[in-house]
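**Q** Sequence lines, in order, name chains A and B. Numbered according to my numbering, the first sequence spans residues 57 to 414. Numbered according to my numbering, the second sequence spans residues 57 to 414.
No lab work stands behind these hints, which were simulated from the structure alone. Bear in mind the structure is a predicted one, so any value in this text is a computation, not a measurement. Mixed in with the good hints there might be a few duds.
Pair ranges (Cβ atoms, derived) [what the hints assert, rightly or not]:
hint, chain 1, residue 1, chain 2, residue 2, range
1, B, 377, A, 144, 41 to 51 Å
2, A, 95, B, 390, 36 to 46 Å
3, B, 159, A, 144, 39 to 49 Å
4, B, 265, A, 331, 27 to 37 Å
5, A, 69, B, 187, 30 to 40 Å
To give a feel for the contact side, a few chain A residues facing chain B, derived at Cβ under 7 Å [unchecked claim]:
hint, residue
6, 136
7, 137
8, 296
9, 298
10, 348
11, 383
All C-beta atoms in this analysis are idealised placements derived from N, C-alpha and C, irrespective of residue type, glycine included.
Residue strings, one per chain:
Protein chains: 2
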Amino acid sequence: MALTIKDIAKKCGVGVSTVSRALNNHPDINKETREKILKAVEEDGFIPNNSARNLKRTDSKTVAIIVKDIDNPFFATMMRVMEEEIHQEHYTFFIQHVGDKQNEVDAALELVKEKRLRGLIFLGGYFQGQEERLGRIKVPFVVSTAELPDIPDKETCSFITIDNEQESFYMVEHLCKKGHKKIAILAAAKDDCNIGRMRLEGYKRALAEYKIPLHKTLIRHLDKNHAEYSMENGYQLMKELLKEGTTFTAVYAISDLMAIGALRALHEAGRKVPEECAVAGFDGLSYTAYYIPSVTTVVQPVEEMAKESVKSLFQMIESKKGVPGKILPARLAERQSTLGTGPNASGPVPVYNSEVKR
Amino acid sequence: MALTIKDIAKKCGVGVSTVSRALNNHPDINKETREKILKAVEEDGFIPNNSARNLKRTDSKTVAIIVKDIDNPFFATMMRVMEEEIHQEHYTFFIQHVGDKQNEVDAALELVKEKRLRGLIFLGGYFQGQEERLGRIKVPFVVSTAELPDIPDKETCSFITIDNEQESFYMVEHLCKKGHKKIAILAAAKDDCNIGRMRLEGYKRALAEYKIPLHKTLIRHLDKNHAEYSMENGYQLMKELLKEGTTFTAVYAISDLMAIGALRALHEAGRKVPEECAVAGFDGLSYTAYYIPSVTTVVQPVEEMAKESVKSLFQMIESKKGVPGKILPARLAERQSTLGTGPNASGPVPVYNSEVKR
Chain A
57 MALTIKDIAK KCGVGVSTVS RALNNHPDIN KETREKILKA VEEDGFIPNN SARNLKRTDS
117 KTVAIIVKDI DNPFFATMMR VMEEEIHQEH YTFFIQHVGD KQNEVDAALE LVKEKRLRGL
177 IFLGGYFQGQ EERLGRIKVP FVVSTAELPD IPDKETCSFI TIDNEQESFY MVEHLCKKGH
237 KKIAILAAAK DDCNIGRMRL EGYKRALAEY KIPLHKTLIR HLDKNHAEYS MENGYQLMKE
297 LLKEGTTFTA VYAISDLMAI GALRALHEAG RKVPEECAVA GFDGLSYTAY YIPSVTTVVQ
357 PVEEMAKESV KSLFQMIESK KGVPGKILPA RLAERQSTLG TGPNASGPVP VYNSEVKR
Chain B
57 MALTIKDIAK KCGVGVSTVS RALNNHPDIN KETREKILKA VEEDGFIPNN SARNLKRTDS
117 KTVAIIVKDI DNPFFATMMR VMEEEIHQEH YTFFIQHVGD KQNEVDAALE LVKEKRLRGL
177 IFLGGYFQGQ EERLGRIKVP FVVSTAELPD IPDKETCSFI TIDNEQESFY MVEHLCKKGH
237 KKIAILAAAK DDCNIGRMRL EGYKRALAEY KIPLHKTLIR HLDKNHAEYS MENGYQLMKE
297 LLKEGTTFTA VYAISDLMAI GALRALHEAG RKVPEECAVA GFDGLSYTAY YIPSVTTVVQ
357 PVEEMAKESV KSLFQMIESK KGVPGKILPA RLAERQSTLG TGPNASGPVP VYNSEVKR
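Make a model of the complete structure from these sequences and hints.
**A** Right, dumping it as structure tokens:
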């Protein structure tokens with residue numbers, strides 16, 4: 057059984073506020089009383105620190121992060137940054153992983169009931185069509201790296217994301233400007249209605265704007281039963297495309313992990329990157345800067361997204377009012393995998409990569 | 057406020073056990089009563105599923121994973137596997153991340169008090185000298201990927217790890233057998249007393265066994281203020297070694313991430329791998345199979361370690377008895393980064409890599 061502040065107060069023959077002062081290192085307390093309380097606490101194995109207040113459970117200062125894809129290195133970095141920010145607010149937090157077959161909103165509803173949370177951050181996930189149940193989440197929440205539909209019955213919710221369609225457009229435009237006309241895309245599953253679809257839309261719009269006809273054979277979709285944006289899946293899609301013998305001079309993968317898989321498949325087929333084929337990714341994983349060749353990618357503002365997510369959440373916890381969603385800009389990092397490629401290229405491919413030398 | 061089973065029972069004018077039967081879909085209940093209870097539950101927004109039982113908080117079936125380094129892709133895979141295993145036991149779980157400056161045992165003691173857990177898994181961390189406080193953790197726990205010292209006052213604790221010294225020995229032996237005599241090691245900080253030290257000891261023992269003198273300049277330690285086994289740190293150590301101009305024909309990094317950083321630094325210096333230098337890592341991250349060249353490494357049995365950790369934990373929860381620690385074998389995966397290197401090499405370096413074609 058956990059000790060409550062009341063138990064300690066009773067044991068030491070003092071008031072609850074005195075125990076609270078002792079636990080919080082408040083100067084306004086008799087030294088002997090303080091020592092007596094800390095000794096009592098020590099004997100029962102209770103650790104007096106920031107989370108002491110949590111013992112009085114209705115005052116628990118805890119938030120949770122609900123993460124859909126814990127394997128994703130992109131999310132790992134975000135969780136680390138979020139942790140730092142949440143600790144600065146003197147809150148405790150924990151991470152709840154939601155499996156493939158679980159619904160993230162169900163998980164949230166349960167958590168709020170069980171753990172008496174002050175707020176939630178969804179890291180990834182899919183929210184279209186779940187408006188009614190999202191409205192039943194009693195605490196403020198922020199959706200991070202995805203957009204949130206309008207929720208009629210809920211004010212204290214917000215989101216932080218990038219413009220996936222527009223950033224994808226910029227990447228494909230980058231390839232078009234180099235003169236590439238046969239640009240393959242390694243895309244999400246055909247029925248995807250999430251960021252995968254938006255990145256594909258950006259690809260289509262860029263080709264249209266540069267008057268490049270759309271080749272259906274160059275649009276490679278993930279299998280809907282194995283729809284992870286993984287190295288393995290990028291590798292397999294690339295293998296299939298190579299096997300078919302369709303001509304292409306550039307490959308755009310909608311995730312960095314898929315781009316790395318594609319690079320490996322091209323290497324095994326003896327196709328030199330960037331000399332014989334340009335490759336571009338999306339996300340800005342740190343691996344892409346260390347790969348050989350280093351990979352051109354859309355760098356998502358990971359730190360800023362994590363910080364803004366926490367900031368919006370605490371704004372809502374404190375003000376009990378909604379905060380507008382934010383769309384942050386990403387950055388195109390041109391690296392070796394597209395350098396000097398295409399008919400409009402000039403000069404040799406440099407080996408050095410300023411991205412690594414931070 | 058969360059509804060308790062009592063509240064629902066009162067509202068419906070039935071006993072607590074009847075509510076429990078309704079929530080658990082038990083056949084032994086009147087259909088109308090069941091519908092009445094589920095309707096009451098629905099009206100108050102309570103989700104009737106596996107975790108319904110958790111409402112009666114003393115019966116909460118929850119375990120926690122305390123993870124020291126959430127950025128580590130090795131741990132991410134383990135968490136995913138652990139999640140699957142824990143759900144099979146019909147337990148809920150959450151992940152608690154412990155920051156660089158936090159102590160993992162303190163975090164555990166707090167969690168157990170606050171959350172009424174049934175058990176804990178430590179993923180990584182450092183436990184020497186913390187025996188007394190570890191003994192105060194009231195629930196069973198398993199230390200995963202590290203060894204646990206003897207804890208006099210605690211029976212229900214266990215560990216799962218590999219033999220870091222021996223596996224490291226095998227990797228360096230692999231390089232020695234190829235005839236390499238100048239083998240640099242990218243090692244942990246000088247004052248490390250954890251797996252970093254054990255991997256270094258394996259290196260030293262292999263050199264001694266193969267009668268290769270130890271060159272101090274070839275032992276490169278991480279800075280103790282930036283001691284993460286990261287790509288960035290591997291890159292920096294390699295840069296420094298290259299700058300000094302010391303001769304070496306092989307580099308052994310004590311982590312795959314450091315090996316990838318080193319490979320990038322060698323590439324930028326124009327040193328061809330494996331032709332002019334062999335490179336080996338440790339851990340078996342999936343990236344190593346996709347890197348160009350693919351990286352020879354010690355593959356830790358990630359899935360098995362995760363499964364065994366959960367198994368040992370539930371054995372202890374059920375039997376209330378201790379379970380002996382387990383040391384599992386790892387596997388040396390020879391890939392392109394060491395193939396055909398050293399004076400004893402024969403034949404050309406193959407491009408294909410069977411590791412990827414799973």
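**Q** Against each hint, give a clear statement of whether it holds in the structure.
**A** Hints and how they fare:
Here the CB-CB span from residue 377 of chain B to residue 144 of chain A is close to 42 Å, well matched to the stated 41 to 51 Å. Range check, residue 95 of chain A to residue 390 of chain B: about 59 Å between beta-carbon atoms, so the 36 to 46 Å window is missed. Judged by the Cβ atoms, the range 39 to 49 Å given for residue 159 of chain B and residue 144 of chain A is violated: they are separated by roughly 19 Å. Taking the beta carbon of each, residue 265 of chain B and residue 331 of chain A are about 45 Å apart, not inside 27 to 37 Å as hinted.
Between residue 69 of chain A and residue 187 of chain B the beta carbons are some 34 Å apart, a value that agrees with the proposed interval 30 to 40 Å. Proximity of residue 136 of chain A to chain B holds as hinted, the smallest CB-CB distance being about 5 Å (cut-off 7 Å). With a least beta-carbon distance of about 10 Å to chain B, the hint placing residue 137 of chain A at the interface is violated under the 7 Å criterion. Because the closest C-beta pair between residue 296 of chain A and chain B is about 14 Å apart, greater than 7 Å, the hint is violated.
Evaluation of the residue 298 of chain A hint against chain B yields a violated restraint, the C-beta minimum of about 14 Å exceeding 7 Å. Given hint, residue 348 of chain A at the interface with chain B, holds; its Cβ is 5 Å from that chain's nearest Cβ, closer than 7 Å. Of the supplied interface hints, the one on residue 383 of chain A is violated, with its beta-carbon coming no nearer than about 26 Å to a beta-carbon of chain B, more than 7 Å.
Hints 2, 3, 4, 7, 8, 9 and 11 from the list above are not met by this structure, while the remaining hints are.
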